[in-house]
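A.B. asks: The primary structure of each chain is shown beneath.
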Amino acid sequence: AQKITQTQPGMFVQEKEAVTLDCTYDTSDQSYGLFWYKQPSSGEMIFLIYQGSYDEQNATEGRYSLNFQKARKSANLVISASQLGDSAMYFCAMREAGGYGQNFVFGPGTRLSVLP
Amino acid sequence: ETGVTQTPRHLVMGMTNKKSLKCEQHLGHNAMYWYKQSAKKPLELMFVYSLEERVENNSVPSRFSPECPNSSHLFLHLHTLQPEDSALYLCASRPGQGSYNSPLHFGNGTRLTVT
Numbered sequence: 001a002q003k004i005t006q007t008q009p010g011m012f013v014q015e016k017e018a019v020t021l022d023c024t025y026d027t028s029d030q031s032y033g034l035f036w037y038k039q040p041s042s043g044e045m046i047f048l049i050y051q052g053s054y055d056e057q058n059a060t061e062g063r064y065s066l067n068f069q070k071a072r073k074s075a076n077l078v079i080s081a082s083q084l085g086d087s088a089m090y091f092c093a094m095r096e097a098g099g100y101g102q103n104f105v106f107g108p109g110t111r112l113s114v115l116p
Numbered sequence: 001e002t003g004v005t006q007t008p009r010h011l012v013m014g015m016t017n018k019k020s021l022k023c024e025q026h027l028g029h030n031a032m033y034w035y036k037q038s039a040k041k042p043l044e045l046m047f048v049y050s051l052e053e054r055v056e057n058n059s060v061p062s063r064f065s066p067e068c069p070n071s072s073h074l075f076l077h078l079h080t081l082q083p084e085d086s087a088l089y090l091c092a093s094r095p096g097q098g099s100y101n102s103p104l105h106f107g108n109g110t111r112l113t114v115t
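Quick note, the sequences are listed as chains A and Y, same order.
Per this note's numbering, residue 1 is the first one in the first sequence, and the count goes up by one each step.
Per this note's numbering, residue 1 is the first one in the second sequence, and the count goes up by one each step.
Mixed in with the good hints, there may be bad ones.
[Said to hold, decoys possible] So these bits of chain Y aren't anywhere near chain A, every CB distance computed over 12 Å:
hint	residue
1	12
2	19
3	73
4	115
[Unchecked claim] When the alpha-carbon atoms are kept at most 20 Å apart in a straight line, the in silico SDA-like pairs for lysine to any residue are as follows:
hint	chain 1	residue 1	chain 2	residue 2
5	Y	40	A	73
6	Y	41	A	22
7	Y	36	A	44
8	Y	36	A	40
9	Y	41	A	43
10	Y	40	Y	111
11	Y	40	A	88
No lab work stands behind these hints, which were simulated from the structure alone.
Cβ atoms here follow ideal geometry from the backbone N, Cα and C, with glycine treated the same way.
Produce the complete structure using the sequences and hints provided.
C.D. replies: So, in structure tokens, the structure goes:
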């Protein structure tokens with residue numbers, strides 16, 4: 001069984017500062033994908049960034065980057081230069097490789113609050 | 001505007017009612033999903049359809065009945081629900097098998113309240 005752990009139920013960050021949201025995962029698969037999503041209060045889940053298990057470089061997407069440490073099974077999201085609009089729930093998710101390879105497992109999420 | 005549209009956005013129903021949630025995607029994707037999001041719980045996968053065939057049924061009670069008439073539409077038929085079924089129901093789609101780095105594309109969700 002796969003599992004995603006996000007140990008920070010809530011985080012605060014000052015506007016314009018950087019923040020790291022933790023994610024660790026548990027899998028016996030060699031091939032897997034890791035995804036981060038943002039969920040504002042409106043409810044929509046917004047895809048932010050992807051990291052493949054075989055990718056040697058850490059993924060980056062604008063102000064978002066992923067600190068991928070495969071041996072430690074961690075995939076932390078780094079948000080640089082935080083903005084007030086970054087206040088939201090953030091979910092780490094993993095796609096399994098076996099079977100249809102279509103199942104995504106989500107962590108419990110971290111609520112980020114950006115302070116002015 | 002999202003490529004995945006869910007209706008209705010909000011639904012209040014009694015325990016004896018029958019209702020349906022609708023999801024439509026205009027992204028040309030072959031796989032569609034229903035997730036349940038309850039307060040203080042991780043997203044729970046309910047069903048996955050790939051090319052209109054159900055490929056995942058995550059031990060969901062029979063009072064939830066999915067239907068996928070074509071690759072663009074997904075329904076969730078509800079009957080004799082319980083108050084604990086109150087949650088945000090999220091529909092998602094993605095290109096399909098083989099597209100390993102493709103994310104799920106979500107709709108805005110239906111906020112369901114069972115009274």
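A.B. asks: For each hint, tell me whether it holds in the structure or not.
C.D. replies: Hint by hint, here is what the structure shows:
no. : hint         : in the structure
1   : 12           : holds, 16 Å
2   : 19           : holds, 19 Å
3   : 73           : holds, 18 Å
4   : 115          : holds, 20 Å
5   : Y:40 - A:73  : violated, 24 Å
6   : Y:41 - A:22  : holds, 17 Å
7   : Y:36 - A:44  : holds, 13 Å
8   : Y:36 - A:40  : holds, 17 Å
9   : Y:41 - A:43  : holds, 15 Å
10  : Y:40 - Y:111 : holds, 15 Å
11  : Y:40 - A:88  : holds, 14 Å
Comparing the model with each numbered hint stated earlier shows that hint 5 is the single one that does not hold.
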